[in-house]
Amino acid sequence: MEAMPYTASELMCINAARLLQDGDVVFVGVGLPNLACNLARRTHAPNLQMIYEAGVIGARPARIPLSIGDPTLVSGASSVCSMYDIFSFYLQRGNVDVGFLGGAQIDRFGNINATVIGDYAKPKVRLPGSGGSQEIAAWANRCYIITPHQKRRFPEKVDFCTSAGFLGSRAERDASGVRGKGPLVVVTNLGLLEPDENGELMLTALHAGCRVDQVRENTGWPIKIAGQLRQTEPLTERELRILREDLDPQGIYLKSGG
Amino acid sequence: MEAMPYTASELMCINAARLLQDGDVVFVGVGLPNLACNLARRTHAPNLQMIYEAGVIGARPARIPLSIGDPTLVSGASSVCSMYDIFSFYLQRGNVDVGFLGGAQIDRFGNINATVIGDYAKPKVRLPGSGGSQEIAAWANRCYIITPHQKRRFPEKVDFCTSAGFLGSRAERDASGVRGKGPLVVVTNLGLLEPDENGELMLTALHAGCRVDQVRENTGWPIKIAGQLRQTEPLTERELRILREDLDPQGIYLKSGG
Amino acid sequence: MSKVCSLKEAVSAYVHDGNLLYCAGFTHLIPFAAGHEIIRQGRRDLTLARATPDLIYDQLVAAGCAKKVIFSYIGNPGVGSLRIIRSELEAGRLEWEEYSHFGMISRLQAGAAGLPFIPMNQTAATDLEHNNPNIRRVTDPYTGREVVTVPPLNPDVAIIHVQRADANGNAQIWGILGEQKEVAFASKKVIITTEEIVDEGVIRSDPNRTLIPELIVDAVCCVPHCAHPSYTQGYYDRDNVFYLNWDKITETQAATQAWLDEWVYGVKDADEYWQKLGAETHERLKVSPAFASPVNYGKY
Amino acid sequence: MSKVCSLKEAVSAYVHDGNLLYCAGFTHLIPFAAGHEIIRQGRRDLTLARATPDLIYDQLVAAGCAKKVIFSYIGNPGVGSLRIIRSELEAGRLEWEEYSHFGMISRLQAGAAGLPFIPMNQTAATDLEHNNPNIRRVTDPYTGREVVTVPPLNPDVAIIHVQRADANGNAQIWGILGEQKEVAFASKKVIITTEEIVDEGVIRSDPNRTLIPELIVDAVCCVPHCAHPSYTQGYYDRDNVFYLNWDKITETQAATQAWLDEWVYGVKDADEYWQKLGAETHERLKVSPAFASPVNYGKY
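Those protein sequences? They're chains A, B, C and D, same order as listed. Take the working numbering: the last position of the first sequence gets the number 271, and nothing is skipped along the way. Take the working numbering: the last position of the second sequence gets the number 271, and nothing is skipped along the way. Take the working numbering: the last position of the third sequence gets the number 302, and nothing is skipped along the way. Take the working numbering: the last position of the fourth sequence gets the number 302, and nothing is skipped along the way.
Bear in mind the hints are in silico, worked out from the structure with no lab data behind them. Each statement offered as a hint is correct.
In the DSS-like style, the derived pairs of lysine-lysine whose C-alpha atoms are separated by at most 27 Å in a straight line are:
#, chain 1, residue 1, chain 2, residue 2
1, C, K190, C, K5
2, A, K137, D, K250
3, C, K190, A, K194
4, A, K137, D, K69
5, C, K191, C, K69
6, D, K250, A, K135
If we take Cβ atoms under 8 Å as the criterion, some of the chain B residues that face chain C in the derived model are:
#, residue
7, V87
8, P136
9, C174
All C-beta atoms, glycine included, are put in the ideal place defined by N, C-alpha and C.
Based on the provided sequences and hints, a complete structural model is requested.
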């Protein structure tokens, strides 16, 4: 991807921003999701409501927060409440439209592992754990996942299911009775994956310059390719300018290749 | 009681105030309990903490509140919280030492009826209902009842158990597992009733000038008289002066005979 | 997105015949003007839920708007009984459903939290439980002991009065909080009445004070003195005289009807009602200021 | 009744070997100075509970104070992993008990409310539930569906940093509230550290701002800058540089030990630590003021 005039992080961030609708209530994490939300607010979704698991609602951060509890999230926010309230009155109650998720592993059915590589009781690699993601994955109306496309990140089945995608099939998630629709799009540096009618992640779009064989090579199961494979819209200068000049001028999150 | 230099309300109020200990956290109702608590604060219990079911903690009312949600309770209070918090974090959690209760009927075992006279489904007299008293009676460490001594108010058994005293016996309350010790004293205009070892209310003290036969006549069951029947301490001038001059100068609550 | 409209418009759009209505507030901030507007618009068959029905529901029942009350304490706070509701209940003309205060607000807490029930510790007083099939039990999976449960309460529409709100519906309350937050999150539609509509900069200068966020609010109505004869902390006092008077007014049906004719049907809106109260009452309910100590959030 | 004492005295009196400790705060108001004092006093076998262990518990584990952690997210917020805790877990030298954030704070909510459990809706992700016997289920008595439950968490001692408190322990917080209120009510002993001890008139001018009431507080310690490298809203900024540095420091045991020697064992108290940070850091963490809009409670 060296030839591209943008980084993988910029590519993913802009494609994630486009998934947001004006008026959406988004449960935001730091890093790329935060940038994506702020970008959407400054482009097509001026009425986006950003809420944070720390209990901040309607945040308008004046600087890029390094932590999910940065004081800039509070100054100028419309409301602050306790963590119990944010998880119960907002998320569990169904007041959150969109959740962003990430993890060390995403499997064929969109299940996420952010807990452990290897055996839970004797961890080979101990990851941070759920934080808020177990509930976000279940109860936000729509979930989006942002992750670099690498084979180790896309196993056939997660070592540990921290957050539910479609479990073993869409029918299985439906039967569980959780309120959210599950992971609707996985944004990677190669393209977009979306669940098919059975809940299995399928390649539905490629970014400009990316190829199906790259996706196949970097996915841990024989991935289905949509019959009508789309190409994502090219990044616009305006989107890139807002990201680079206004939102992350030091390139804290955008300089990385993802 | 016409000859006495004080009203029945003053008598009950001062005797109730004396039951409070310095540092007690009291769940206060309006009327006589409110006066009793403020009297105790100005005499032997300066560190009394008054909390109100409306969610007010550490109130220092500058005037006599007519309602349990009077704004004077808030101005100068140390904390205000929601009703859910006051009932769960304070009362259910065990942070309340004393609750004051009243009702249309108090029976042989200290059970209280504030709900209905007659059949619940077809009420003869519909009373206000529990409010906070069902939980106060169960979870405050100690409960005190203030009520005029009249036969219709002291039936053998309540028509409806709004708030638990000792149910059918002290053993029955213990078995129910509720945390509070139950009604420890009933203050009437004739004397004090306290539960015996079985939880049955027994006359343990008479006010000056009151007689056992008055108590018998005005109680709906053959009431036991304590072997060592005490006489309550005479009201002091200081107590009466604080009540009349500082706390209820208009005599809103004190003028009544109870 | 501004949600500002008149109270008349809000009631017309969001309060329908047969609705489960919750006018919030525990003694403080009771939205009387909204109750009067509902009476003027002639709503019928409402189910009126409130921990303490207070005079506002006594008036709605007197005007024939209600078929049922859900409550935990039916008294005229500090005075005695609510004569209208009490007599309708005793006459068997009004349905009811009853809880303790904690049961009632636990229903709201469950409704606000999206939970199918909330547990409460036992109180040993079981007569209400035996008379209300909504009060049930589950076994605690840790100790094996039983706890008492109530199901969520999710009103069709909540009306909540506040000190100040912005045009989008971010609403701030101080003083007694009662069950306002829980009611707002539990309800399907939320009407905010407010003493003042302020610039969003005022709200955003103190986000911890915002009890109700715009994202659950449907209408914002600027209604000064909405709470009379209840009160708004810092704005005007409680009209205890009226609470005492209501007890007398409701001694007869004729007097009650005359009061409704004069003070509800006979006025156009909350402004006219307040003006009609007159200068003496205005003066009596005035409050001198006492400001909160400053709080610095910092520019980050 | 004044509960003012030094942090040294409070830790000595209330934090004992083997205790279940909860240092509150979600990114905001983390009481680092209290953690350092616990290290200096050489406590052992502590169980450290926190939704996000953050650097404060990484430091306590590095100093050998802990035998177990209870958590819902073990990361260095915004940076990556907590190297010390992670390596101790991977080496099997540290016990642990794990929840989601909501599970963790629901345990505190149950502990604060005196309830034997709190229900949560299902999430369909059951691996944690299968690995933690504290996570159980009950059947909702209304719908017959199962909900997930957690038991109460009741720490032996909580340490909570606040912006201002009076000598009796009435404590006010603004900015991110995290789980401070729930931890305070859930715990057996509560130590308040505060940026300032103010006259009770300041607190009582704004009772809605008081998150923690004196009646559950055991000690009040005036500890300015207690939260560094975390922050106190309106008082000083978060030291992101230190959060990034910690990731490097903890790459080796030697560097970690050297840091503890210099910054914890090598200083007497929080004042000396803050002075040692130096003028440049003080300047970098300074915040210009932004005050909340005035609020009138009224003189009643």
